[in-house]
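> Here are the chains, one letter per residue:
There are 2 protein chains.
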Amino acid sequence: MKSVIGIDIGGTITKIGLVSEEAVCIKKTSFRTKDFNNFLSYIDKIHLSISEIIDDKNKILGIGIGAPNASKNGTIETPANLNWKGNLNLVESLRNKIDIPIFLSNDANCAAIGEMIYGNAKGLKDFIVITLGTGLGSGIVSNGKLIEGYDGFAAELGHFSIKNNGRLTGLDIKGGLESYVSATGIKRTIMYMLSKYMNDSIFRKIAFNDLHGEDITKAAENNDFIAIKAYEYTGKILGEALANFVTFSQPEAIILTGGLAHSGKWILNPTKKTFEKKLLPFYKGKVKILLSGLEDKDSAILGSAALVWKNI
Amino acid sequence: MKSVIGIDIGGTITKIGLVSEEAVCIKKTSFRTKDFNNFLSYIDKIHLSISEIIDDKNKILGIGIGAPNASKNGTIETPANLNWKGNLNLVESLRNKIDIPIFLSNDANCAAIGEMIYGNAKGLKDFIVITLGTGLGSGIVSNGKLIEGYDGFAAELGHFSIKNNGRLTGLDIKGGLESYVSATGIKRTIMYMLSKYMNDSIFRKIAFNDLHGEDITKAAENNDFIAIKAYEYTGKILGEALANFVTFSQPEAIILTGGLAHSGKWILNPTKKTFEKKLLPFYKGKVKILLSGLEDKDSAILGSAALVWKNI
Numbered sequence: 001m002k003s004v005i006g007i008d009i010g011g012t013i014t015k016i017g018l019v020s021e022e023a024v025c026i027k028k029t030s031f032r033t034k035d036f037n038n039f040l041s042y043i044d045k046i047h048l049s050i051s052e053i054i055d056d057k058n059k060i061l062g063i064g065i066g067a068p069n070a071s072k073n074g075t076i077e078t079p080a081n082l083n084w085k086g087n088l089n090l091v092e093s094l095r096n097k098i099d100i101p102i103f104l105s106n107d108a109n110c111a112a113i114g115e116m117i118y119g120n121a122k123g124l125k126d127f128i129v130i131t132l133g134t135g136l137g138s139g140i141v142s143n144g145k146l147i148e149g150y151d152g153f154a155a156e157l158g159h160f161s162i163k164n165n166g167r168l169t170g171l172d173i174k175g176g177l178e179s180y181v182s183a184t185g186i187k188r189t190i191m192y193m194l195s196k197y198m199n200d201s202i203f204r205k206i207a208f209n210d211l212h213g214e215d216i217t218k219a220a221e222n223n224d225f226i227a228i229k230a231y232e233y234t235g236k237i238l239g240e241a242l243a244n245f246v247t248f249s250q251p252e253a254i255i256l257t258g259g260l261a262h263s264g265k266w267i268l269n270p271t272k273k274t275f276e277k278k279l280l281p282f283y284k285g286k287v288k289i290l291l292s293g294l295e296d297k298d299s300a301i302l303g304s305a306a307l308v309w310k311n312i
Numbered sequence: 313m314k315s316v317i318g319i320d321i322g323g324t325i326t327k328i329g330l331v332s333e334e335a336v337c338i339k340k341t342s343f344r345t346k347d348f349n350n351f352l353s354y355i356d357k358i359h360l361s362i363s364e365i366i367d368d369k370n371k372i373l374g375i376g377i378g379a380p381n382a383s384k385n386g387t388i389e390t391p392a393n394l395n396w397k398g399n400l401n402l403v404e405s406l407r408n409k410i411d412i413p414i415f416l417s418n419d420a421n422c423a424a425i426g427e428m429i430y431g432n433a434k435g436l437k438d439f440i441v442i443t444l445g446t447g448l449g450s451g452i453v454s455n456g457k458l459i460e461g462y463d464g465f466a467a468e469l470g471h472f473s474i475k476n477n478g479r480l481t482g483l484d485i486k487g488g489l490e491s492y493v494s495a496t497g498i499k500r501t502i503m504y505m506l507s508k509y510m511n512d513s514i515f516r517k518i519a520f521n522d523l524h525g526e527d528i529t530k531a532a533e534n535n536d537f538i539a540i541k542a543y544e545y546t547g548k549i550l551g552e553a554l555a556n557f558v559t560f561s562q563p564e565a566i567i568l569t570g571g572l573a574h575s576g577k578w579i580l581n582p583t584k585k586t587f588e589k590k591l592l593p594f595y596k597g598k599v600k601i602l603l604s605g606l607e608d609k610d611s612a613i614l615g616s617a618a619l620v621w622k623n624i
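These protein sequence lines are chains C and Y, in that order. Take the first sequence: its position 155, counting from 1, is numbered 155 in the working numbering, and each next residue is one higher. Take the second sequence: its position 63, counting from 1, is numbered 375 in the working numbering, and each next residue is one higher.
It is worth saying that the hints were derived from the structure and are not from the lab. Where hints are given, some of them may not hold.
[To be verified] With a Cα cut of at most 27 Å, we get these calculated DSS-like pairs of lysine-lysine: (1) C:K145 / Y:K596; (2) Y:K596 / C:K236; (3) C:K278 / Y:K596; (4) C:K45 / C:K277; (5) C:K272 / Y:K499; (6) Y:K437 / C:K278; (7) C:K125 / Y:K508; (8) C:K229 / Y:K486; (9) Y:K517 / C:K174; (10) C:K278 / Y:K486.
Assemble the whole structure, with the sequences as input and the hints as a guide.
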């Protein structure tokens, strides 16, 4: 039986899995991306990790890799949240180690392909996946195909500017969407709400660097005023942005995934409320906002693995 | 020799042309859309006009129609700038009169197809056409295909909201792009500049309803402060919006067409300046802003006619 390797390169963790034709992650391993200051040592570590989880190279159809700032040419270009600078020849470097087909795409594009093959976008030809992690990533499918753009850098909606003179993103974009809507974004919003209101809150005792997304959900469940305000603010901005995105590609569904999406109703309700209000009349009732249909733990690996099935 | 019929349904004028395989408009006619309060009388007029410009129905391969708010199902839905309300069965009504293949698409989508087959988008797989007429229309091509969306209403970028609490559009969208960037938008901006500055200007003598786009270009050529400010303001907003659109589909080119684009450098220079400034680092130098490559007079007819060539 043939299998494929799926690799998800995250700013913090790299996940590698052996995936069956039935989209089951049979074996997996992971390590800290940030531990490698040298890119070629990092490639060696990937190669070693692959060897650890496969029995026979000849049974592997190919390797699918999802990475931030992936280009169409097998490179990672000027990544904002990785240790290495410049243009990194990821596919070529790895192919020098292991001679099987390797496919690279943007990590959020992989999430979109994963949703299309295994998740909540099954059977849809027009949809958008929004990944709400450290930053905000996006994968856009139109006419049943990923929108990749001229050289692979389409769907960078985290850097979509929602207001002039707004918060700065890592790429110095003023008002970039991910500076508001992401795990980091909502932490910044907690600080903003602490500045705006005097209400009591658990967050008056927690420093920015000690603050985690789950704390915000838990606080909201406990009726913490600042946490609830932060979700309302974040959802309103996301709902407005998504309504604007509909004027571009009129998706049938927008699927939210990643850490911030795990808060469930807390992010979903205010997002949907503003979204429906802001939608143009001829879109109303036609665009669903959904949470991911994939088990989150393996979704990044499955999405990357799907790159191989899609291309072979 | 086979030909096709191209029809452009505009809010003011309906244009109908007989188009050869070489994309030459052999014969054409036009009439005022606004003169018809009854939709079926309007269909009769289209039918009559077609009869007038063709010799032999059997030599006609099909009819391509570009219209505002065209759906995938051959209907026009709740058009903002036509006399008739509700959902109009355009294709069915016309096919009852003349039994040849009829294809309907959004007017700006037709412009995009026209640019792809005959104009400045020849050979491009990823581009956006922006039509700057009474409103702002758009046609988006990705992977060599039009982005039509779930039921044909993608690419409504005129209603893309650029700021909360901004100007109202015809569809009551606050800050809709076309309320700033269109022939009507720049007229509104002339009023705004007259409110903001006290400088002398020819526009202090012209009422809003008597103001035409060409007057603004002429005034700018004559160094009119208000006209120059209006172009700068419009170009800045358009440049910002286009830089945002690039994060969506990363086009290789953005093509401007329609009345406001005829002002040439006056709109192009401030647009390009802001656009290049706002582009993300990995897009810089990769996205061209161009004027239409089509003779404007027939481009709407040619674009609609191209629908037939594309579908047959």
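> Would you check the hint for K437 of chain Y and K278 of chain C, treating anything up to 27 Å between C-alpha atoms as holding?
violated (31 Å)
> Quickly compare the C-alpha distance for K278 of chain C and K596 of chain Y to 27 Å and report which way the hint goes.
Violated, because 32 Å separates the two Cα atoms, which is more than 27 Å.
> Quickly compare the C-alpha distance for K517 of chain Y and K174 of chain C to 27 Å and report which way the hint goes.
Since the Cα atoms of K517 of chain Y and K174 of chain C sit roughly 40 Å apart, the hinted pair is violated (cutoff 27 Å).
> Just to be careful, I want the Cα atoms of K125 of chain C and K508 of chain Y compared with a cutoff of 27 Å; is the pair within it?
This hinted pair is violated, its Cα atoms lying about 48 Å apart.
> Compare the distance between the alpha carbons of K145 of chain C and K596 of chain Y with 27 Å, and conclude whether the hinted pair is satisfied.
holds (25 Å)
> Taking 27 Å as the top limit, are the C-alpha atoms of K272 of chain C and K499 of chain Y close enough?
Roughly 36 Å between the alpha carbons, so the hint for K272 of chain C and K499 of chain Y is violated.
> With a cut-off of 27 Å on the C-alpha distance, tell me whether K45 of chain C and K277 of chain C pass.
Violated: K45 of chain C and K277 of chain C sit about 49 Å apart, past 27 Å.
> Taken at face value, is the distance from the CA of K486 of chain Y to the CA of K278 of chain C at most 27 Å?
holds (9 Å)
> With the threshold set at 27 Å, check whether the alpha-carbon distance from K596 of chain Y to K236 of chain C stays at or below it.
violated (31 Å)
> When you check the alpha-carbon spacing of K229 of chain C and K486 of chain Y, does it fall within 27 Å?
holds (24 Å)
The earlier numbered hints that this structure contradicts are 2, 3, 4, 5, 6, 7, 9.
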